[in-house]
Structure formats: structure tokens, C-alpha cells
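We have chain G; now place chain C onto it with these hints.
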Amino acid sequence: MTRKNHIWIVGVLVIFVWIAAAHSQSPDFKKNIYPVEQLKPTDSVLKVKVGGLAPDFTLPAVRGGKVTLSQFRGKKNVVISFVPAAWTPVCSDQWPGYNITKEYFDQSNAILLGITVDNIPTLYAWTNQMCMGSGTLWFPVLSDFYPHGAVASKYGVLRSDGVSERSLFVIDKKGIIRYIDVHDINTRPKLEVLVGELQKLEK
Amino acid sequence: MNELYRIMQARKDLKNKIKLIGIGSGNSDFEVNFFRKKYEVPFPLFSDEDYSIHKAVGEVRTPYFIGVRLKKDGSSEVFYSKLGGFKNADKFLELMVKLSGL
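Chains as they are written, first to last, in the working numbering: chain G, 1 to 203; chain C, 1 to 102.
No wet-lab data here; the hints were simulated from the structure.
Built from N, CA and C at the ideal position, the CB exists for glycine as well.
Take the hints with a grain of salt, since some may be wrong.
Said to hold, decoys possible - Mimicking DSSO-like on lysine-lysine, the simulated pairs with C-alpha atoms at most 27 Å apart in a straight line are:
no.	chain 1	residue 1	chain 2	residue 2
1	C	K55	G	K76
2	G	K40	C	K55
3	G	K203	C	K37
As the list claims (entries may be wrong) - From the structure, some residues in chain G lie toward chain C, with a derived Cβ separation under 8 Å:
no.	residue
4	I100
5	K102
6	D106
As the list claims (entries may be wrong) - Just the calculated beta-carbon pair ranges, DEER-fashion:
no.	chain 1	residue 1	chain 2	residue 2	range
7	G	V193	C	A89	30 to 38 Å
8	G	T187	C	G74	35 to 43 Å
9	G	K40	C	F30	22 to 30 Å
10	C	F79	G	T187	47 to 55 Å
11	C	N88	G	G51	54 to 62 Å
12	G	K102	C	D73	28 to 36 Å
13	G	T58	C	K98	57 to 65 Å
Extracted from the complex, chain G is given alone in its bound form (with noise of 0.2 Å):
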């Protein structure tokens, strides 16, 4: 910053802008944000690959009704965001990043599902919580509670303690996985990437 002569005192204001950011949540979450120490980065054996077929599932929705994988085959690419759990840190930032940045998803033709192990009651709480500051998320969040995890176990991201890895799966319009990207549980995916991905598939 250049100061001139005249002046003698000069201020600055920085305020901490919340985009998408991990470890520093949105006032929106106050005080309900469980703490969670750093955890061992991945911890589970993939069972799907980059040109496989995407395994179908039927999941409830948060907003009521069931979401099918294959309801979207040959009308809509899918992006699946499994997070690990409610209520923890780096979660409660990356799915606000994709809620402000649907535009990426519309220019793909792409839709968004979320996925936890949690329950609906728990998953509806900390949506509506998410959202306080910024009206509702655009996306279907999912269910994967019972049978506990099961999706998350047959793409292989269902860690030894139950919950999934930060994972992101994109799936194109025929149901064949485009990319994937199991994530170090303890970091938010940057978004350029998976915009990068979007950005290869067809419309």
C-alpha cells in the first residue's frame, strides 16, 4: 500500500469473506459444528472405475420422495458429492460452495447429489441450518442411512468408522463414470477441478 506525506494514518479493514471454505464456517452453523481432529486421509478400497458403469441406487431425499441414479440416464449428467458426515467442519463448507455455483452444473446439464450416511431428520436439520444465510440448496441431499451406508459401500467409499470418504463421482448421461476423486478427508475439494470435469462432458 503506497502512503503519501499528508497522510499519517491510514486504515485497513479486512473482512474474511466466506466463498466456500473449510475450517472456517458460516455464522450460519454458531456453535454446532462438531470439532474433528485430523483424520487418516482415505480409508477405503474403491469398487468402481473411470469408464465402469455407475451402480445404480434409490436413495430418500431430505424434501421428501426417493432420487434414482438411473432417473437421470439420458436426460441429465450427475455429479455425486458423498461428504462424511453432518455437523463437521470441511462439509458444512463444500456443499454451500456448490449451492452459490449452480451455474457450472446448468452449463454442463449436470445435476447434483449429495450423499451422507446420516439420517433425514439429521440431514434436514443441518440443511436448514446450512442455508439460513442464503435461501435453499438447489440439490437433492440423500439418505444412505439404512441399510447403513450401503451405496457408499458398493462405490467403495464407506470408511472403516461408517462414514464416506469426501468423494466425488461424475457420471455422464449413459451412466458411465467420467471421474472420480476420493478426496482427503480433511481437505474440500477445489472447485476448478470438478468444473474442469464438467466442462469435458456432453451437454
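Frame of chain G; chain C shown alone:
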């Protein structure tokens, strides 16, 4: 925030005396640029991808405001440090002016 910046810019008595910058903790340049464009942020935003700034100030939750007085001898002093946004940009700016001693 954009309104606060506009009010600051319009105040001739504060010209070159107070600056506003934003830091996106944990955000990449791509994410910060998206945010800048989407919300038409007119003041400088910086990414803090590795959380180094975030850690240095004590891993605050966001939004978090820090007011820093830069003294003539090169030292600095924090005059405001608080979690949470504001509802009234005019009042907030008045508070900043008052606390900073501008």
C-alpha cells in the same frame, strides 16, 4: 460489503485514508474470481488457499472483520476484531472511523 465500499469511496474526507480488502480463507484464485464476478465485488479480494493468513489471525469463523491502524512509524495496531457481518453499512463505517481515530 459492496455498499460499505461505495460509501467509503464517496466520502471525500476518507479518500486514501481507509482501504477495504477481502480475504477468502481456503479459497483458490478460481473460487475467489468466481465470487468476485458473481457478487460484483468492487474492492480487492485475495485468496488464502493454504490458510496461512487464516492461521495467522487465529482461525476465525467468517465473516470476520479486522480493522488495522497503520502508523507512521510502520507499526500497526488492531482497533477492531469481530465475528459477524453488519446490517447498516453507514453505521458500521462510522464505528470504524470512530474506533480508528481517523
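Cβ separation of T58 of chain G and K98 of chain C, checked against the hinted range 57 to 65 Å: holds, 59 Å
Verdict for F79 of chain C, T187 of chain G (Cβ pair) under range 47 to 55 Å: violated, 34 Å
Hint check: 8 Å Cβ-Cβ cutoff, D106 of chain G to chain C: violated, 13 Å
Distance restraint evaluation - K102 of chain G, D73 of chain C, Cβ atoms, bounds 28 to 36 Å: violated, 49 Å
27 Å limit on alpha-carbon distance, applied to hinted pair K55 of chain C and K76 of chain G: Roughly 41 Å separates the two Cα atoms, so the pair is violated.
Interface hint status, I100 of chain G versus chain C (Cβ within 8 Å): Holds. Min distance 7 Å.
Restraint status (C-alpha distance of K40 of chain G to K55 of chain C at most 27 Å): holds, 22 Å
27 Å limit on alpha-carbon distance, applied to hinted pair K203 of chain G and K37 of chain C: holds, 24 Å
Beta-carbon spacing of T187 of chain G to G74 of chain C - inside the hinted bounds 35 to 43 Å or not: holds, 36 Å
Satisfaction of the K102 of chain G interface hint, Cβ to chain C closer than 8 Å: Nearest chain C Cβ about 10 Å off; hint violated.
Consistency of beta-carbon spacing, A89 of chain C to V193 of chain G, with hint 30 to 38 Å: Holds, since V193 of chain G and A89 of chain C (Cβ atoms, about 36 Å apart) stay within the stated range.
Status of the given 22 to 30 Å range, CB of F30 of chain C versus CB of K40 of chain G: holds, 28 Å
Of the numbered hints listed earlier, those contradicted by the structure are 1, 5, 6, 10 and 12.
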